[in-house]
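J.: Generate the whole structure from the sequences, applying the supplied hints.
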Amino acid sequence: MNQLALAIPWLGKRNPAAARWVVILLAVGAPLIAVLFGKSWVRILDFAMLYVMLAIGLNLVVGFAGLLDLGYIAFYAVGAYTFAFLASPHFELHLPFWLVLPLGAVFAALAGIILGLPTLRLRGDYLAIVTLGFGEIVRIFMNNLNHPINITNGPQGINMIDPLVLFGWDISKPLKVGDEITINSLFLYYYVFLACVVLSVILVQRLQVSRVGRAWAAIRDDELAAKAIGINTRNMKLLAFSLGATFGGVAGGLFAAFQGFVSPESFSLMESIAVLTMIVFGGMGNLAGVIVGALALTALPEVLRHVAVPLQQAVFGHVLLDPEVLRMLLLSLAMIFMMLLRPSGLIPAYSRYSRPELVVGKEAGR
Amino acid sequence: MITLLEARGISKRFGGLTALSDVSLTIRKGEVYGLIGPNGAGKTTFFNVLTGAYTPEEGELVFNGSELPLGQPHKVVEAGIARTFQNIRLFRDMTALENVMAGHHIRSRANPFSILLQTKHAKEEERLITERAYELLKYVGIERFADTISRNLSYGDQRRLEIARALATEPQLLALDEPAAGMNATETGKLRELVQTIRHDGVTVLLIEHDVKLVMGLCDRLAVLDFGRKIAEDVPAEVQQSEAVIAAYLGGHSTAGAKP
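Here the protein sequences line up with chains A and B, keeping their order. When you line the first sequence up against this note's numbering, it's residues 1 to 366, in that order. When you line the second sequence up against this note's numbering, it's residues 367 to 626, in that order.
Any given hint could be a false lead.
A few chain B residues that face chain A, going by a derived Cβ cut-off under 8 Å, partial list only [what the hints assert, rightly or not]:
| # | residue |
| --- | --- |
| 1 | LEU436 |
| 2 | GLY437 |
| 3 | HIS440 |
| 4 | ARG449 |
| 5 | SER474 |
| 6 | PRO478 |
| 7 | ALA512 |
Hints are computed from structural coordinates only; laboratory data are not their basis. Where a beta carbon is used, it is the ideal one built from N, C-alpha and C, also for glycine.
T.: Next up, the structure:
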């Protein structure tokens, strides 16, 4: 929150209080602005919030603990499928979301430990390869577990998933305020997701400035030295994997409820890479950075879709480049320029593993 | 005097190479104990066995009357042995203060749940860690760099920071691997003072060092390793006279005992 405010150009450092209000107003007012451009933009915002959650979770593993994970989307899949299994006509189960969502998180955390255990000794490239394989294995399981017993319904996926029902209030139905105004469910979902994002940020921030966060940073910076000061690197790595996966699991559950439909193709390798790109683009290891990265890279393809096609038609008379092609092109270009100009991301991480207000004799250090 | 650490018949082989063969030595509580020897004598290997980085083929380590777990670094630290590295290994992206705070890991108890809920206990512990870390920076004399990212510190200050981080684990035995390497005369002088202060405050020190002047002046007792064997263990004055030691340092190994 404060980090995000500080990251606003010009205003952030000059007037932090005003910048903070800007962040709050933007977060609260975003769907109201988006709806001016059409309802589909509110939907995009909803997805952006889910991506922010994923980015926050992956940042915990990659940015804080330094464990390169290329199969992160698998935990998203575990969360989504848990929700689909337990709250849809597929198994004739309709458990309430406050039970299903935590269960999804727990299963995702378990999946994180299952991935973590055999990879404890691996680092960097080797870890990346194994996690990549793990992500694909999960997706292939989802794709093929419809035979001999139908568990996942294969490539057709599972549909008619129950929407979120908060205290008997179905938020997938428009809310009527008085007689005149109705609030579309897209808005309601946005605020639910926003609340989840805010909660995630608070929790992750607390972890970062604690002995756990410092232990992760220690393992990331120098594993041998981390061992030499008594950090149990095995437990700390497993903790990073499972906690990171938890956020993926919750985001997956929300995704299933929001979409009402899950299928294996939502959990491809490209999605893992997209989330990783978001945190690298925004600033690995920095919460404000990964949030901005996730928002920017979710918005980019949509902006392209809405701008590139009409623009090309106006200039050339017909569409030369498909927006999807442009998206990959621009994304790659963005990454290349990022690596050349700002290798540590839009908002680079700086050390933040202690609480500044607790640092004694701070003036002496300045 | 009470024995703090006893190494009994430690042997460590790497393939065909015997890095340590049957090394036994005794470190007493409250002393500064030096470990010297020519390059490749096995000093650092002994260090790595002691701190759990390597598992020895034979032998055992008794620390404070109980057997030390072999090959498990975090348990060694918990038992009360801290180390520094020959080539400094700090957490480069953390500030000096945070490096020392990370050193408190093993002596703090907050678990993920109490951290997520920010319980009173977790908050209080965090405050204590911060305070103690700052005290330790003061102790080694670099508190003015508390907020500096550790990779930006000068070489000498990085060494001091590494010692502060090791002290944060509240060790009874502090093992320093060539702390004066690459230091100039002034810095070495300051380091000597620091080691003496640490010893004075009740921490036993094990010192690997090449700087003979520093070792002779600082250590209460010395062991000399050569080709993985202990060839002498005594007070500095006696070690200096030992013919085997002179032979090891000045050559003439094949005719051990011959006057150089």
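J.: Hint by hint, say whether it matches the structure.
T.: Verification of the supplied hints:
Hint status for LEU436(B) relative to chain A: violated, with the closest Cβ pair at about 14 Å, above 8 Å. The restraint placing GLY437(B) at the interface with chain A is violated, with a minimum CB-CB distance near 11 Å, outside the 8 Å limit. This hint holds: HIS440(B) has a C-beta 5 Å from the nearest C-beta of chain A, less than the 8 Å allowed. Of the supplied interface hints, the one on ARG449(B) holds, with its beta-carbon coming within about 5 Å of a beta-carbon of chain A, less than 8 Å.
Of the supplied interface hints, the one on SER474(B) holds, with its beta-carbon coming within about 5 Å of a beta-carbon of chain A, less than 8 Å. A least Cβ separation of about 6 Å between PRO478(B) and chain A falls short of the 8 Å threshold, and the interface hint therefore holds. At about 4 Å, the closest approach between the beta carbon of ALA512(B) and any beta carbon in chain A falls short of 8 Å, and the interface hint on this residue holds.
Hints 1 and 2 from the earlier list are contradicted by this structure; the remaining hints agree with it.
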